[in-house]
Structure formats: structure tokens, C-alpha cells
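With the sequences and hints as input, model every part of the structure.
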Amino acid sequence: MLEVRDIHSYYGKSHILHGVSMTLQEGEMVCLLGRNGVGKSTTLKSIMGMVRPRSGSIRFQGRELIGLQPYQVARLGVGIVPEERRIFGSLTVEENLLIGKKNALDGGDGAQAWTLERVYQVFPRLHERRTNKGRHLSGGEQQMLTVARTLMGNPRLILVDEPTEGLAPLIVQDVLHMLAQVRRSGVTVLMVEQNFKAAVQVADRFYVMGKGQIVFEGDVDALLAADEVRKTYLEV
Amino acid sequence: MTQFAVFVLHGLAYAGLLFLVSSGLTLVFGMMNVLNFAHAAFYMLGAYFSYSILQWSGNFWLSMLLCPLILFVIGALVERFLLRRVHQHGHLHELLLTFGLAYIITEGVKWIWGNYSLAVSLDGFLTGQVSLLGITYPVYRLFIIGCAVAVGTAMSYVFYRTRVGIIVRAAVDDHEMVNALGINVPLVFMLVFAVGAALSGFAGVIAGPLLTTYPGMAAEILVDAFVVIVVGGFGSLGGALLASLIIGQLQAFGVLLVPKLSLALIYLLMAVVLVVKPSGLFGEEA
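So the sequences go chain by chain: A and B. For the first sequence, full-length UniProt numbering gives the first residue as 1, with consecutive numbering after it. For the second sequence, full-length UniProt numbering gives the first residue as 1, with consecutive numbering after it.
Derived by calculation from the structure, the hints in this document are not laboratory data. Possibly wrong hints are sitting among the right ones.
Unchecked claim - Here's a subset of chain A near chain B, in silico, CB distances under 10 Å, partners left out: (1) I66; (2) P70; (3) A74; (4) G79; (5) I80; (6) R86; (7) F88; (8) I99; (9) L116; (10) R118; (11) S138; (12) R149; (13) M152.
Said to hold, decoys possible - Okay, the calculated beta carbon distance ranges per label pair: (14) A:T131 with B:S156: 14 to 22 Å; (15) A:G218 with B:V73: 52 to 60 Å; (16) B:S156 with A:Q213: 46 to 54 Å.
Keep in mind it's a predicted model, so treat the numbers as computed, not measured. The C-beta atom is built at its ideal place from N, Cα and C for all residues, glycine as well.
As C-alpha cells, this is what we get:
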């Protein structure tokens, strides 16, 4: 469904991604691991069109994404849940949800489509707080809202950046549960995490990044067996 | 008492003009981070186009309809073909561009219409006076207040009750995120810029018969409009409304009570607001 091939991305003059490649199959939940500053977020932003790679190729369901604006990538069925959550603070919870509202694209099952009603059913807490301003939500509620807001666009692929960052352990479990639920509804998930323990619980496959490159690819067992990779690129 | 009511009305009429000019300015700044120096030049163009349309047709209503449309197109073109191209080079370039544009428009106006004031004369009921509760007041100023209320009501409906309004408010918060949620943000920028220019042009049309139509009228209102958006808070429509009302009254009563200080009053207000609440009355805390 997604094929990233040898992309090189820059922030201004600094070269962040040195030829990143990865592939995702439909329905998978894949986790991108690695330390701070190795280019995980930049990889997601490159897919979304928020950072434009200078070379390489990103194909989503056969279409080249490089060169498209983020809104065009979103309309093809890709959604991003950014690291800083980026809730619209001056808007109510409900208005936050309505922004990204899009009907399901071709192939989207009518019964599975995300609507305001379905979001409120799955996230009753957001229903309770629907008239509150975004900036008045707690961290866990904001994380819920930012995921739900992206789901309102009925994406086929969702890019989730550090969903558990800064959350209490109990809330982390809620968020992981929510992502597993999203994936079960048929959405492909590419998640960036620093929290190794959280990631192993939910993902099918892992990529490990170090200094702008992919240094490991494999499933849970392979990752647990690869002591050297974990020591060099993950453990502090 | 009578005099008091007259000055309140004077203040309201000026507040109406200010709100029409500053609402577009504040939204554009809130979303695109561009302080548009050419915004008041659109207001002036509205007044001059209206003058010419009146010369040609004698129909004030026609100019009220046509001028905002022309300014909408001009605004859209300026955003699409000028501002958007320099955007990648940063704020300073955008600032210089709009500054230069303001100069070009002002000089163009002098070239076409002459470097002197023009009298816009109306006829019909708009030129009359009405007597109400013992006050005799010009119909035209009441008409301005009515126009501002009508436009303001329509704007707040769109802003707070429609999806377009949600998108614009969200874009003021974080336009990159709005883009990533599938909204064509460059198009939104262009339309907001164009609507802002149209509102400013509309303000120019109704300012024509009230104030003088001359090449310095843009600079004159630009300063007040900047004070409005600073006091109200960048990007806030409600803030622009409140600040326009306050400044309208300050202008009206300043002349009456402390004539020598009247010009300085709005700067005093701005200084106080900046000290007490630097983000403006309705501004988001950074």
C-alpha cells in the first residue's frame, strides 16, 4: 500500500534523511523506532508532504506522493496524527472534529466510515466535552481528539507520531488500546514511538532508525533477538 | 445630553468604517502572518472607484455593489500572483511587497484622479437629516452604522456558524495542520485575502461621502486600523469589533473633551493594552 524508496529530506540546509526506504502492506500496524532526532518524525512528514524530499519516491496505492501538498495527500487517504497533537485550541472539541471531515473514499465500507456519531460512540469522553475549547482538554483527551480528528477524514493509512509521549502509564494503555481498535477497523497504521515497551504490545512489524537511515527491519521475535540493534539504537 | 448622543453616534459611524477595514487585515495577519500595508490602499481604491462609478452612472447603490466585487478580484490576484510567490522568502519580503504595493497604488491614484481631494456628492434620502428624540442627525451616518451592523452580523454568522468559519478560525490557530487535514489552505488564504480587500473596498465606498476622498486617505486609516488589530488581538474578529468600538468612541469624545490630546489618545490606549495584555484584548496567550 505504501512504498517509500530512498528518500532524502532536509530541514533548511541540514540533511535529515539519508535514503530511507520502507514498505507497508494494507492492514498492517508498523512501528518506527529510534532515538530522538534520528529522523522518525521527518519520515512521517515527508510522506504527508509537510517536508518535501529532494530525491527518492513515495508511492501510496500506486500514486507518487512527492510534490503533492499535504491537503492533496490527505485527500488520497493518508492522515497524520502529529507529535505535538496540534489541537486547535480556540475551537471546540466538536469543531476540531468537523475540520477534517471527509466522506469515505472508494473502497471504504459504509458501515465502517467515521462520522461524528461513530467517533462519539467510540470516544464517549469526547462527547461529554464536545462544547469545551480544545485548549482546556487534558493530555490524554487531547491525544484522543487528535486521533479522532484525523479519523474523521476516513484515511486508509494513518501516520501516528509519538502517541504516548508525556502521558501517564494508565493513559498510555488507553491510547494503545485505541490505536489497536483503529487498526482493527481496517486502517493501516504507521506509528513512531520511543517507548519500546508500548510499541511491542501492538505492532506487527518494526523498523529501527539511526541517523537518518533504516538500520533494522523485522517482527517482534527478530527485534527481541537482535540484541546488538537494541543496544546501539534503542536502549539508553 | 443631546450632544452626548450625537458624539456616541459619530463614534459608532467611525467604528463601523474601522471594523470593515480592520476585520480583513486581522484575519490575514492571524492566518498568514502578513501585515498587509496595502490593505488601506484597497480602501482608498474603493473610494476612488466609487467616485468614478458615480460620475458615470450617478447610482450610489451600483458602486456599493461593484466596488467590493472589483476589490475582491484585485485582492485575489495580489495574493495569488504576488504574495504567494514571495512567501517562501519570509516575512520581510512579504512586508516589503505590500509596502511597495501601497506606494504604487497611491501614486497610481494621484496619476489617474489627481493629487487633490474629490467631493463625492450624493442625492436622495441619504443626504437628509432625521429627528429622533430631539436630536437631528444626518441620515448618512446612520446608514453607515446600519451597513456595518449588517456586514458584521453576516460575518459573525459565517465565522461562528458555518464550516467555512471553522476552517478559517482553525487556520488562524495552525494553518499547516489544517492543510494536513485535507483542506486546500492556499485557496483559503486567497479567498480570505480577497474578502478582506472587498470589505475594505466597501468601507472606502461608504467613507467617500463622509470623509474626504484624497490620496492620503489610505495612510490616514491605516494607522487606526493597525491600532485596532493590536488592541483587539491579532487574528480575532471579536477583538477587532470591540477595539473598533472603543477607538470610535475615543476619537469622537477625544475631540469633544480633550481636543489637544485627541490624536494621542488611541496610542495611549494601545500602550496601556500592550502593557496589561500584550496579546491584545481577545488575543491568544502565546
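Do the hints match the structure? See the list:
For A:I66, the shortest C-beta to C-beta distance to chain B is roughly 16 Å, which exceeds 10 Å, and the interface hint is violated. For A:P70, the interface hint holds, the least distance from its beta-carbon to any beta-carbon of chain B being 4 Å, beneath 10 Å. Given hint, A:A74 at the interface with chain B, holds; its Cβ is 4 Å from that chain's nearest Cβ, closer than 10 Å. The criterion of a C-beta within 10 Å of any C-beta in chain B is met by A:G79, whose closest approach is roughly 8 Å, and the hint holds.
Interface hint status for A:I80: upheld, as the beta-carbon distance to the closest one in chain B is roughly 5 Å, under 10 Å. The restraint placing A:R86 at the interface with chain B holds, with a minimum CB-CB distance near 4 Å, inside the 10 Å limit. Taking 10 Å as the C-beta contact cut-off toward chain B, the hint placing A:F88 at the interface holds, the least distance being around 4 Å. A hinted interface residue such as A:I99 counts as satisfied when its beta carbon comes closer than 10 Å to some beta carbon of chain B; here the least separation is about 5 Å, so the hint holds.
This hint is violated: A:L116 has a C-beta 12 Å from the nearest C-beta of chain B, more than the 10 Å allowed. A least Cβ separation of about 18 Å between A:R118 and chain B goes past the 10 Å threshold, and the interface hint is therefore violated. The criterion of a C-beta within 10 Å of any C-beta in chain B is not met by A:S138, whose closest approach is roughly 19 Å, and the hint is violated. A least Cβ separation of about 7 Å between A:R149 and chain B falls short of the 10 Å threshold, and the interface hint therefore holds.
Below 10 Å, beta-carbon pairs count as interface contacts, and A:M152 has one with chain B at about 8 Å; its hint therefore holds. At roughly 18 Å, the beta carbons of A:T131 and B:S156 sit within the given window of 14 to 22 Å. Taken as a hint, the range 52 to 60 Å holds for the pair A:G218 and B:V73, whose Cβ atoms sit roughly 58 Å apart. Evaluation of the 46 to 54 Å hint for B:S156 and A:Q213 yields a pass: the beta carbon distance comes to about 52 Å.
When each numbered hint is compared with the structure, violations occur for hints 1, 9, 10, 11.
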